[in-house]
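Q: Listed in order, the protein sequences are those of chains E and Z. If you count the first sequence from 1, position 526 lands on 526 in this note's numbering, and the numbers rise without skipping. Count along the second sequence from 1, add 1000, and you get the number used in this note's numbering.
Simulated from the structure, these hints should not be mistaken for lab results. Think of the CB as a built atom: it goes at the ideal place given N, C-alpha and C, for glycine as much as any other residue. Take the hints with a grain of salt, since some may be wrong.
[To be verified] Computed spacing ranges between beta-carbons, pair by pair:
no.: 1; chain 1: E; residue 1: 309; chain 2: Z; residue 2: 1077; range: 21 to 31 Å
no.: 2; chain 1: E; residue 1: 4; chain 2: Z; residue 2: 1210; range: 13 to 23 Å
no.: 3; chain 1: Z; residue 1: 1192; chain 2: E; residue 2: 385; range: 26 to 36 Å
no.: 4; chain 1: E; residue 1: 433; chain 2: Z; residue 2: 1192; range: 53 to 63 Å
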Amino acid sequence: MNRLKLAWRLLLRDWRAGELRILFAALVIAVGATSAIGFFTDRLQRAMGSQSAELLGADLILRSPRPVAETWLTHATTLGLRHSEALEFPSMVLRGDEMRLAGIKAVQDGYPLRGSLRISDTPWGVERAGDGIPPPGEAWAEARLLPLLGLEVGQALTLGDIELKVTRVVAFEPGGGGNFAALAPRLLVNRADIEHAGILGPGSRISRNYLFAGEIAALERYKRWLMPQLEPSHRLVDVREDRPTVGAALERAERYLGLASLAAVLLAGVAIAMGARRYSERHFDVSAMLRCLGASQDDILALYLPQLLLLGLIGSGVGVALGALVQAGLFQLLHELLPVRLPPPGLLPALLGLLTGLVVLAGFALPPILRLRQVPALRVLRRELTPLPLRAWLVYGAAIGAMTLLMGRYTGSATLTLSVLGGAAAALILLGVLAWLLLRASRALRHGAGVAWRYGLNNLWRRPWAASGQILAFGLTLMAMALIALLRNDLLATWQAQLPERAPNHFVVNVLPDEVARFESFLQDHAIDSAQLYPLVRGRLTAVNDTPVEQVLAPGDDGGGAVNRELNLTWSNTLQEDNAIVAGRWWTAQDAGQPLVSLEAKLAERLGARVGDRLLFTFGGGSELAVRVASLRTVKWDSFKPNFFVIFAPGVLDAQPATWMTSLYAAPEQRAAMAQMVREFPAVTVIDLERLMEQVRRIMEQVTLAVEYVLIFVLLAGFAVLYAALQSSLDERLYEGALLRTLGASRYQLRAGHLAEYALLGLLAGLFAAAGSELIAWQLYTRVFQLDYVFKWPLWLLLPPIGAALIGAAGYWGTRHVVRRSPLAVLRAL
Amino acid sequence: METIVSAEQVGKQVEVASGTLTILQEVSFAVAAGESLAIIGVSGSGKSTLLGLLAGLDLPSSGRITLAGEELNALDEDGRARLRGQKVGFVFQTFQLLPGLTALENVMLPLELAGNAAAMAQATALLERVGLAQRLDHYPKQLSGGEQQRVAIARAFAGSPALLFADEPTGNLDAATGGRIIDLLFELNAEQGTTLILVTHDDKLAGRCGRRLHLDGGRVVADESKNGVRK
Chain E
1 MNRLKLAWRL LLRDWRAGEL RILFAALVIA VGATSAIGFF TDRLQRAMGS
51 QSAELLGADL ILRSPRPVAE TWLTHATTLG LRHSEALEFP SMVLRGDEMR
101 LAGIKAVQDG YPLRGSLRIS DTPWGVERAG DGIPPPGEAW AEARLLPLLG
151 LEVGQALTLG DIELKVTRVV AFEPGGGGNF AALAPRLLVN RADIEHAGIL
201 GPGSRISRNY LFAGEIAALE RYKRWLMPQL EPSHRLVDVR EDRPTVGAAL
251 ERAERYLGLA SLAAVLLAGV AIAMGARRYS ERHFDVSAML RCLGASQDDI
301 LALYLPQLLL LGLIGSGVGV ALGALVQAGL FQLLHELLPV RLPPPGLLPA
351 LLGLLTGLVV LAGFALPPIL RLRQVPALRV LRRELTPLPL RAWLVYGAAI
401 GAMTLLMGRY TGSATLTLSV LGGAAAALIL LGVLAWLLLR ASRALRHGAG
451 VAWRYGLNNL WRRPWAASGQ ILAFGLTLMA MALIALLRND LLATWQAQLP
501 ERAPNHFVVN VLPDEVARFE SFLQDHAIDS AQLYPLVRGR LTAVNDTPVE
551 QVLAPGDDGG GAVNRELNLT WSNTLQEDNA IVAGRWWTAQ DAGQPLVSLE
601 AKLAERLGAR VGDRLLFTFG GGSELAVRVA SLRTVKWDSF KPNFFVIFAP
651 GVLDAQPATW MTSLYAAPEQ RAAMAQMVRE FPAVTVIDLE RLMEQVRRIM
701 EQVTLAVEYV LIFVLLAGFA VLYAALQSSL DERLYEGALL RTLGASRYQL
751 RAGHLAEYAL LGLLAGLFAA AGSELIAWQL YTRVFQLDYV FKWPLWLLLP
801 PIGAALIGAA GYWGTRHVVR RSPLAVLRAL
Chain Z
1001 METIVSAEQV GKQVEVASGT LTILQEVSFA VAAGESLAII GVSGSGKSTL
1051 LGLLAGLDLP SSGRITLAGE ELNALDEDGR ARLRGQKVGF VFQTFQLLPG
1101 LTALENVMLP LELAGNAAAM AQATALLERV GLAQRLDHYP KQLSGGEQQR
1151 VAIARAFAGS PALLFADEPT GNLDAATGGR IIDLLFELNA EQGTTLILVT
1201 HDDKLAGRCG RRLHLDGGRV VADESKNGVR K
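Using the sequences and the accompanying hints, generate a full structural model.
A: See below:
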């Protein structure tokens, strides 16, 4: 108890004397940065999650061809989840003599659980948020259904045995549109009417969608409970699965944010390690005196460990508070860009921040503090006696241990953590040697250098290991900053490419063959950007190498919806821009008319089909066609452009009846042209993706925002750490500088010496950082982010001069005291 | 009289780049409780090394040292630390005050380490005794050399040690200030009945001690008391 009190008093005295400032600042910055990122991403992730849920109309959807057990729904209620059931099935709707296939969706009160319908009173009219669902006896129809049936809003149509009055036009429906396969226009009806319509006989193709919404934790619990009970015909859908673009973006953003937190932690570690080293060295005398006054080695630990713990708790607490403050300020600044209702920050990031602070402190500050235990008492008589340097394994072991722990927490994946850490450890050893070699090589500079420069550079060469340590520290800092900046650029570019400004926002299908030329000139006349027009031929894949398809696929696999139903087949001379051949070759002009197809790679994998294999297709009217696989392609399904599982060589499908389709971009001011298109080409079906794309784009904007601001956090933390690290390297230089001044060195000589020393340190750290970033970025890109990696040569050009300028300037500035104050004052103060 | 510290055939060698360097050899003597002993000799004669060994800050390469009845070789570092804490006080040439602590806190430190609940009162009293009642909250930086050494003396006497070791206590002070420090040291020594062992160049200081041990080249060449040469 007494020891603890004494430890507390010593801590207070140290605090007052300013001994703790750097260590404390490093800790506060570290925890502040990580918890600011933590709070920020926590809130933004929840915001993005809820935005994504609006896209889906729910947090989670269970799709089933049959009603599910009642207990599945009651369990959801028990967990506090809301749920609603929506039936989806195709059915004919009639109006007088006109008869059309519509995609019926029968909904209950509460639908949609997330987001809202967008409705209007007239086709293509002014949109507003929908309230509720169609009351019994009414139906809301997608705009394109109305002209097909010659129907106006307010008139009735027939569905099975009942009449429904169409009262609204549905412009956007969460969890509905955008699916290219769902060609039939939507008709939204009340669930209560379906029982009377008499259209749901046995064998009807019905999809029951059970929508769930609620707290994330409850959803996770429900998913875990439900998963093992699912049958092959059940599908559990969340937004990641439903929208691969959004899913992939969210996933990458989460990984990026996790990594950024980690970078901040690493930066913090470096600063804390340097701060702790300085603290420890400045306490050698105290420890020696304490030993002299009768303190045992255990007493020394009993005095310093509680101090470290207290410092850790207080520093982390202040850091968390700072992080919360920064985060709140940031949201205030950004409130226009963010959704109106943001969930408040959770407690978890605060706890994590505290824990991070303590773990980093233990990993990076404990080893130097442990050294205090070994200060010999004789140091009171002979000041040159210092404790033995710590064993390298202890220092790095503790740091790597702490990082492993934190990485595991931030990435949530053991294999990822271990592989990255293994790589990092190997890189560290390699780079440590590199730093030392660079230092050796830099000695060549000494020839021809002036006296001031030689003095400065000598400072580095005299203590190669200390200098290597500093290069390592500065280099790691620069590297963390460079990596996060690098990733940010490439992630944003990837997302930009996925959703360009004028990405197609409509699909147009069913352009009749004799209308193709007229349709193309219509687009041209109205200056509407469109993709190439593709012919569509409906056909079934029936056999692979003479084996029926059903036997080729694994049981329960429907080939991703590509098998056992009519496929959209096409032919083309050219390969779509965003498709890539992964096996075989694309055809040339000479192959025209040859029975060749290009197959989507994932479907080929499921079918076990390779280049050269034979496929058999059946078409309406019973005709058959045997073709050979010429190539396999990867397809970007979420590019909002026409894409196909199977593409034929030109000329092969000429005998089959075809309609044509394309995707196009219509600007808001071109809506009138779109309405005219529907009138001029009555057969054409237009599928509006605008609303969907807007949602996707908004989510992407938020993800981008998160990535941008987190980069700024990391950069700020990096600069702060550089400063802290620099401060802790100053003592010795101040002392030497003061001595040199007493020996008659001019201000100019001293300043030039310091500049040379720090600039070289920065230059070498920059080289180190370039090598390290290249190595780690390559691993991260290929393993974690699934991005293409190209050699990042600008790193090598930029980092060394940036390092030299930054660290040189900071060192120059930091050592200005030596030059300004009288040498005596400096010597006395030390 | 009772012997409080003794050296028997003490030798000290250290390894240096050019081989083994002998700092002390065959040093034997005993100091009785209450005695005052000055160890004198030219620079490099081994004075400070001997002081360090006698105080248990280091161990001899050969021979035995007994401090307050305990043989130092038989104790480990922590055992020697405990012994120092109970029996020994120190005064140094460079004062060795902790720069982050005030004068009062510096004096309190050994008392606090010993778990003394009245640390502040005792430390305040000691600082008043050395004439620094007005300087309790000053930091070492803010004190003159003489004042710093007074704080160090107050700290040395704080634990009521049986033995006080002083390493060139006036070495960093001018003659007048040094004189006052010496007076103070001997006054307190007399008040508390402490055994005093000091290393010095200062003839005036050495002259005030009851006994002087001359070292040369690591050997004791003379051991004289005020009453005459013993050896």
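Q: Which numbered hints turn out to be false for this structure?
A: As far as the earlier hints go, only 2 is violated by this structure.
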